[in-house]
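**Student:** Make a model of the complete structure from these sequences and hints.
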Amino acid sequence: MTYCVAFKTNAGMVLLCDRRTNAGVDIISKYRKMLTWEVPGDRVIAMMTLGNLAITQTVTSLLQENIDKPMDGIDTLLDAEPMFRVADIVGDAMRAVQQCYARNIAQMGESTAPSIIVGGQRAGDGMRLFHV
1 MTYCVAFKTN AGMVLLCDRR TNAGVDIISK YRKMLTWEVP GDRVIAMMTL
51 GNLAITQTVT SLLQENIDKP MDGIDTLLDA EPMFRVADIV GDAMRAVQQC
101 YARNIAQMGE STAPSIIVGG QRAGDGMRLF HV
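Following the numbering used here, the numbering of the sequence shown begins with 1 at its first residue and continues without gaps.
The set of hints was computed from the structure by calculation and includes no laboratory data. There could be a bad hint or two in this list.
What the hints assert, rightly or not - Below, in silico cross-link-like pairs of lysine to aspartate or glutamate (DMTMM-like), each with a Cα-Cα straight-line distance of 25 Å or less: (1) K8 to E110; (2) K69 to D42; (3) K69 to D88; (4) K8 to D42; (5) K69 to E38; (6) K8 to E38; (7) K8 to D125; (8) K69 to D79; (9) K8 to E81; (10) K69 to E81; (11) K8 to D18; (12) K8 to D72; (13) K69 to D92.
**Tutor:** In structure tokens, the structure reads:
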């Protein structure tokens with residue numbers, strides 16, 4: 001089970017999550033469930049993932065691939081204008097991954113329902129926090 005918490009105060013934001021994953025009583029490993037991106041002077045984005053690790057790893061890989069190899073006319077986390085659009089991009093990636101893999105994972109009796117918490121700030125705007 002993953003534990004994540006995020007809250008926004010007048011002084012800033014706090015995002016905390018664990019790093020453990022387990023696949024049974026004695027199979028415990030660590031995986032990075034919080035990712036951050038920054039464009040100095042422009043934006044800072046933090047994202048925490050909860051739920052099916054296969055789905056969340058694929059979502060984060062897709063988001064990073066879109067940053068590394070941007071396509072014309074497609075917003076990435078690093079060039080989306082408002083933070084709401086950043087959350088929307090994360091939701092679009094989650095939806096695409098679920099549509100691709102959900103049926104096969106569900107046939108194995110596993111849940112494909114992840115949650116993602118996205119927070120950040122763009123220059124000149126206030127801090128925003130979203131549960132996707």
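**Student:** Next step is simple, just say for each hint if it's right about the structure.
**Tutor:** Do the hints match the structure? See the list:
Restraint check for K8 and E110: not satisfied, since their Cα atoms lie roughly 33 Å apart, outside the 25 Å limit. Restraint check: the Cα-Cα separation between K69 and D42 comes to about 20 Å, which is no more than 25 Å; the hinted pair holds. For the given pair, K69 sits about 19 Å from D88 by alpha-carbon distance, which is consistent with the 25 Å threshold. Distance check on the hinted pair: K8 and D42 sit about 19 Å apart at the alpha-carbon level, within 25 Å; holds.
A C-alpha spacing of about 17 Å is found between K69 and E38, which places the hinted pair at or below 25 Å, so the restraint holds. For the proposed pair K8 and E38, the alpha carbon gap of about 18 Å is at most 25 Å, so the pair holds. Taking the CA atoms of K8 and D125, the gap is about 14 Å. The hint holds against a cut of 25 Å. A C-alpha spacing of about 13 Å is found between K69 and D79, which places the hinted pair at or below 25 Å, so the restraint holds.
Our distance criterion of 25 Å between C-alpha atoms is met by K8 and E81, whose separation comes to about 21 Å. A C-alpha spacing of about 19 Å is found between K69 and E81, which places the hinted pair at or below 25 Å, so the restraint holds. Restraint check for K8 and D18: satisfied, since their Cα atoms lie roughly 19 Å apart, inside the 25 Å limit. A threshold of 25 Å between alpha carbons decides the hint, and for K8 with D72 the separation of about 34 Å lies outside it, so the pair is violated.
Proximity of K69 to D92 is assessed by CA-CA distance (about 17 Å); at most 25 Å being required, the pair is judged to hold.
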